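Since the structure of chain A is provided, determine the placement of chains B and C on it from the hints.
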Amino acid sequence: MERGSAAEAPVPTTPQHILDARQFARPWLEETLFPTTRTLQQTPLSALPQALRGKRLFYLFYEPSTRTRVSFETAAMLLGGQVVGIDSDEQRARDERLEDRIQVLNQFPYEFILLRYHEEGGARRAAAVSRVPIINAGDGTGQHPTQALLDAYTIWQELGRLDGLQIALVGDLSYERTTNSLAYLLGRFRDLTLYLVSPDLLRMRDEVRDYLVASGVDVHEVPDLREVASGLDVVYMTRAHTERLEHARRYDRGRRSYAVDAELLAELPRHAIVLHPLPRGRELPADLDADPRIACFRQAGNGLYLRMALLSLLAQGAPEA
Amino acid sequence: MERGSAAEAPVPTTPQHILDARQFARPWLEETLFPTTRTLQQTPLSALPQALRGKRLFYLFYEPSTRTRVSFETAAMLLGGQVVGIDSDEQRARDERLEDRIQVLNQFPYEFILLRYHEEGGARRAAAVSRVPIINAGDGTGQHPTQALLDAYTIWQELGRLDGLQIALVGDLSYERTTNSLAYLLGRFRDLTLYLVSPDLLRMRDEVRDYLVASGVDVHEVPDLREVASGLDVVYMTRAHTERLEHARRYDRGRRSYAVDAELLAELPRHAIVLHPLPRGRELPADLDADPRIACFRQAGNGLYLRMALLSLLAQGAPEA
Amino acid sequence: MERGSAAEAPVPTTPQHILDARQFARPWLEETLFPTTRTLQQTPLSALPQALRGKRLFYLFYEPSTRTRVSFETAAMLLGGQVVGIDSDEQRARDERLEDRIQVLNQFPYEFILLRYHEEGGARRAAAVSRVPIINAGDGTGQHPTQALLDAYTIWQELGRLDGLQIALVGDLSYERTTNSLAYLLGRFRDLTLYLVSPDLLRMRDEVRDYLVASGVDVHEVPDLREVASGLDVVYMTRAHTERLEHARRYDRGRRSYAVDAELLAELPRHAIVLHPLPRGRELPADLDADPRIACFRQAGNGLYLRMALLSLLAQGAPEA
Numbered sequence: 001m002e003r004g005s006a007a008e009a010p011v012p013t014t015p016q017h018i019l020d021a022r023q024f025a026r027p028w029l030e031e032t033l034f035p036t037t038r039t040l041q042q043t044p045l046s047a048l049p050q051a052l053r054g055k056r057l058f059y060l061f062y063e064p065s066t067r068t069r070v071s072f073e074t075a076a077m078l079l080g081g082q083v084v085g086i087d088s089d090e091q092r093a094r095d096e097r098l099e100d101r102i103q104v105l106n107q108f109p110y111e112f113i114l115l116r117y118h119e120e121g122g123a124r125r126a127a128a129v130s131r132v133p134i135i136n137a138g139d140g141t142g143q144h145p146t147q148a149l150l151d152a153y154t155i156w157q158e159l160g161r162l163d164g165l166q167i168a169l170v171g172d173l174s175y176e177r178t179t180n181s182l183a184y185l186l187g188r189f190r191d192l193t194l195y196l197v198s199p200d201l202l203r204m205r206d207e208v209r210d211y212l213v214a215s216g217v218d219v220h221e222v223p224d225l226r227e228v229a230s231g232l233d234v235v236y237m238t239r240a241h242t243e244r245l246e247h248a249r250r251y252d253r254g255r256r257s258y259a260v261d262a263e264l265l266a267e268l269p270r271h272a273i274v275l276h277p278l279p280r281g282r283e284l285p286a287d288l289d290a291d292p293r294i295a296c297f298r299q300a301g302n303g304l305y306l307r308m309a310l311l312s313l314l315a316q317g318a319p320e321a
Numbered sequence: 322m323e324r325g326s327a328a329e330a331p332v333p334t335t336p337q338h339i340l341d342a343r344q345f346a347r348p349w350l351e352e353t354l355f356p357t358t359r360t361l362q363q364t365p366l367s368a369l370p371q372a373l374r375g376k377r378l379f380y381l382f383y384e385p386s387t388r389t390r391v392s393f394e395t396a397a398m399l400l401g402g403q404v405v406g407i408d409s410d411e412q413r414a415r416d417e418r419l420e421d422r423i424q425v426l427n428q429f430p431y432e433f434i435l436l437r438y439h440e441e442g443g444a445r446r447a448a449a450v451s452r453v454p455i456i457n458a459g460d461g462t463g464q465h466p467t468q469a470l471l472d473a474y475t476i477w478q479e480l481g482r483l484d485g486l487q488i489a490l491v492g493d494l495s496y497e498r499t500t501n502s503l504a505y506l507l508g509r510f511r512d513l514t515l516y517l518v519s520p521d522l523l524r525m526r527d528e529v530r531d532y533l534v535a536s537g538v539d540v541h542e543v544p545d546l547r548e549v550a551s552g553l554d555v556v557y558m559t560r561a562h563t564e565r566l567e568h569a570r571r572y573d574r575g576r577r578s579y580a581v582d583a584e585l586l587a588e589l590p591r592h593a594i595v596l597h598p599l600p601r602g603r604e605l606p607a608d609l610d611a612d613p614r615i616a617c618f619r620q621a622g623n624g625l626y627l628r629m630a631l632l633s634l635l636a637q638g639a640p641e642a
Numbered sequence: 643m644e645r646g647s648a649a650e651a652p653v654p655t656t657p658q659h660i661l662d663a664r665q666f667a668r669p670w671l672e673e674t675l676f677p678t679t680r681t682l683q684q685t686p687l688s689a690l691p692q693a694l695r696g697k698r699l700f701y702l703f704y705e706p707s708t709r710t711r712v713s714f715e716t717a718a719m720l721l722g723g724q725v726v727g728i729d730s731d732e733q734r735a736r737d738e739r740l741e742d743r744i745q746v747l748n749q750f751p752y753e754f755i756l757l758r759y760h761e762e763g764g765a766r767r768a769a770a771v772s773r774v775p776i777i778n779a780g781d782g783t784g785q786h787p788t789q790a791l792l793d794a795y796t797i798w799q800e801l802g803r804l805d806g807l808q809i810a811l812v813g814d815l816s817y818e819r820t821t822n823s824l825a826y827l828l829g830r831f832r833d834l835t836l837y838l839v840s841p842d843l844l845r846m847r848d849e850v851r852d853y854l855v856a857s858g859v860d861v862h863e864v865p866d867l868r869e870v871a872s873g874l875d876v877v878y879m880t881r882a883h884t885e886r887l888e889h890a891r892r893y894d895r896g897r898r899s900y901a902v903d904a905e906l907l908a909e910l911p912r913h914a915i916v917l918h919p920l921p922r923g924r925e926l927p928a929d930l931d932a933d934p935r936i937a938c939f940r941q942a943g944n945g946l947y948l949r950m951a952l953l954s955l956l957a958q959g960a961p962e963a
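Protein chains in written order, with our numbering: chain A, 1 to 321; chain B, 322 to 642; chain C, 643 to 963.
Bound-form chain A, shown alone (with noise of 0.2 Å):
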């Protein structure tokens, strides 16, 4: 899919695989999947729609992904789904061409495919031989487009909604998947500012920013995050203490924080809320979680029945097993 007839020509409906968080239509998200979000999450769980019974998930994953590989296994579990898969480590062991496995699996009764691969364009590629949704849960240093929609639906039902807000991303701009995603599909919203606050060598990559200024969001380089923080509605942190970061640091002579304290609480506004995808480090320290923007267990937990949404979504539009 093209970036500029994804932003022509929106899906209406629930799209046929999950890759690329510039997919999904603005009308889908507000009206079909964040409200069945919410009244997932609003349903006591012995009264959840069984919409996956009879319905099984493949995750097949080439990299370790503890996290959304949790998540979606729980979630199509609750909504009455079984699941088999393929573990990073098993991958190891024998590489096989990614379209050969996806093929096997077309013969196997699968309903969905999960997979996390260890390079760009591996859901594509996946999806352009599978006769089941695939769900993309990270490609590389691609996209992780599901991540994008829970993080999109945290605000939404935090803040009530998306359009006139005021959002810093922080840290690695440039690798880590889970910021490209979430500005990406926030260009499908109005009267945002969007402020990048990272090392200079990992400033969000141009293909990204050029297509947040062309989709008409505010965007604005700031070197520290306590310029702005007075006026954000959404602080979203991301891992700064992996290597590539703690790098970086070093050639911008460390002089700038990435890193959420009690001084920098102390500016937030008190409605605004700070997201965080984990596993954390020291970039959002432990003690400060009883302050109650801190919102990433809230936001991890959204992830659960933002998913439940998603599944119960595809199945309606998957052909009959």
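Simulated from the structure, these hints should not be mistaken for lab results.
Note that the coordinates shown come from a computational prediction; the quantities given were computed from them, not determined experimentally.
Glycine included, every Cβ here is placed at the ideal spot set by N, Cα and C.
Hints should not be assumed to be uniformly reliable.
As the list claims (entries may be wrong) - Sample of chain C residues lacking proximity to chain B, with all beta carbon distances greater than 10 Å (derived): (1) PRO657; (2) THR708; (3) GLU715; (4) LEU720; (5) GLN745; (6) ASN748; (7) ARG773; (8) ALA928.
Unchecked claim - Below, a sample of chain C positions facing chain B; criterion: calculated Cβ distance under 8 Å: (9) GLN684; (10) LEU687; (11) ALA689; (12) THR716; (13) MET719; (14) LEU838; (15) LEU920; (16) GLY943.
What follows is chains B and C alone, placed relative to chain A:
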């Protein structure tokens, strides 16, 4: 089980353990296992007999085996059974006598044990102490009988019979347990011509070839697949890019080919099929997949239904839970 | 929980978390847990109470633990529950604070968390933040309380009582969490004589021995199991071929034995039992298994039913889903 006794006294009913491709009687294959497999394959998923309801399969893997594990796990699940197991990675952490593992499982309510072991004879050792059926999912360079069964079923399903065929086995015929096991199973059928196409260093082991000759199979070693292609019904390929085969080819000065290409397909009869246990390498290029004679994915799909049939039949013979 | 307070104020009802072998009150063991286990063991599989229907167990393993995982997973499954988890291999890929993992799980509908942690105190840290019961499946060289429970149940089941017995603990009594945990549990019973048979470098830790003495257990360190064999009711063996024990034996100049052999069995009373948490090495040779006093496989089987009982009892006390 001695080879001789197996050949002379075929068991007409479902065996207790699945250990060795030589143990299956021809009437059981043609009148029970293969028709049961075909019936399951033609049954809508929602109407599958829940032959494993209230039954449990345990997989115990000392070597990785994603393909076989996924196939059996899906088969058990579709028949209403439950699956728990131990992967090869977990095995490495602490070693324990195989017999002890089985004796502990004897105390647990599992109705089937699927075993992959790293040394020849593991399945037989396990069967000697197990109170429930052991299914050999590969033991070192020994056998992989359920792979042989699905290979033979694929030939029966695609060509309507196994008698009177001309079959080429190609590649590493010494260490590959798939070709060893299939060769043993083919010994049950009549008027077969078997062409063995392998490097000198990886010729079929004497014990297997002697068994075939004693069973009345017309066995020929040929240096090049092309020589015999025009008369073949089945080409059975194996992985050509293992270290072992690369070494053996250098020894042969690389003059021979163990691969399928367009030229070879042009020689092959229109009704012939090309099988491969997967994963494949360059010996079966993906750009030939559009040719309907390339049957390796149908073969992998058959594995699911063959294993469902096998579990169903074993369940009928298994003691009550 | 302080040791003193645990000893003085036993909890008569099922505890909220399973953390430490010292936390169990004797009446709860003898009037609730052990009889429930025995009843489950005598119930036909098809009539087992589905006490975990609609409930889910999550296992979170920072170290491998196939034995304990399989036992709990089977137990939950037989009671109608569902199991999802994260293995130690996946943990290594990305580290994350234990407390964060638990806080994410707090957002997911799991009714039990089974935790194996690589450092002493992990289970207690998890319990401090978890909204559902934490079951300690071993924390470093700390405890393994459900192993102690199944060991004690096995003695109760095989010999009819725990009071007044003569028990030998053999091998590495310093770092093995099984013997530490069992020793703590035995402190609840009366008129016990405990013989500790270990190399000088691997003597039982002072804190454990002091606890036993304060609990009224008659504790003796003996250099050789043979000295006391004729009066024993229970021999509890541990792995003798760990690196630690081999080193400690060289220090002792290898004069002592920590193994069972035919000579020792000849000394042992006819009613006595030999236990071992498995996996075993040469300290309990397989060629003695025909002796009915070797009870290690019955012991492993008891583990399944003990854990079913424990989950059932915890489920009764757990908050409604």
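Against the structure, the hints:
1. The beta carbon of PRO657 of chain C is kept farther than 10 Å from every beta carbon of chain B, the shortest such distance being approximately 26 Å.
2. The claim that THR708 of chain C lies off the interface is violated: its Cβ sits roughly 5 Å from the closest Cβ of chain B, which falls inside the 10 Å cut-off.
3. The Cβ of GLU715 of chain C does not lie farther than 10 Å from every Cβ of chain B; its closest approach is about 5 Å, which violates its non-interface assignment.
4. For LEU720 of chain C, the condition that its CB be more than 10 Å from all CB atoms of chain B is violated, with the nearest at approximately 7 Å.
5. Residue placement check: GLN745 of chain C keeps its beta carbon more than 10 Å from all beta carbons of chain B (closest about 27 Å).
6. The beta carbon of ASN748 of chain C is kept farther than 10 Å from every beta carbon of chain B, the shortest such distance being approximately 26 Å.
7. For ARG773 of chain C, the shortest C-beta to C-beta distance to chain B comes to about 27 Å, beyond the 10 Å cut-off, and the non-interface label holds.
8. Residue placement check: ALA928 of chain C does not keep its beta carbon more than 10 Å from all beta carbons of chain B (closest about 7 Å).
9. Below 8 Å, beta-carbon pairs count as interface contacts, and GLN684 of chain C has none with chain B, the closest being about 14 Å; its hint is therefore violated.
10. A cut of 8 Å between beta carbons decides the hint on LEU687 of chain C: the least distance to chain B is about 5 Å, and the hint holds.
11. Taken as an interface hint, ALA689 of chain C does not check out: its beta carbon lies about 11 Å from the nearest beta carbon of chain B, beyond 8 Å.
12. Evaluation of the THR716 of chain C hint against chain B yields a held restraint, the C-beta minimum of about 6 Å falling below 8 Å.
13. This hint holds: MET719 of chain C has a C-beta 6 Å from the nearest C-beta of chain B, less than the 8 Å allowed.
14. A cut of 8 Å between beta carbons decides the hint on LEU838 of chain C: the least distance to chain B is about 25 Å, and the hint is violated.
15. Annotation: interface hint on LEU920 of chain C holds; nearest CB of chain B at approximately 7 Å, less than 8 Å.
16. For GLY943 of chain C, the interface hint holds, since its Cβ comes within 8 Å of a Cβ in chain B; the closest pair sits about 3 Å apart.
Hint compliance for this structure: hints 2, 3, 4, 8, 9, 11, 14 are broken, all remaining hints hold.
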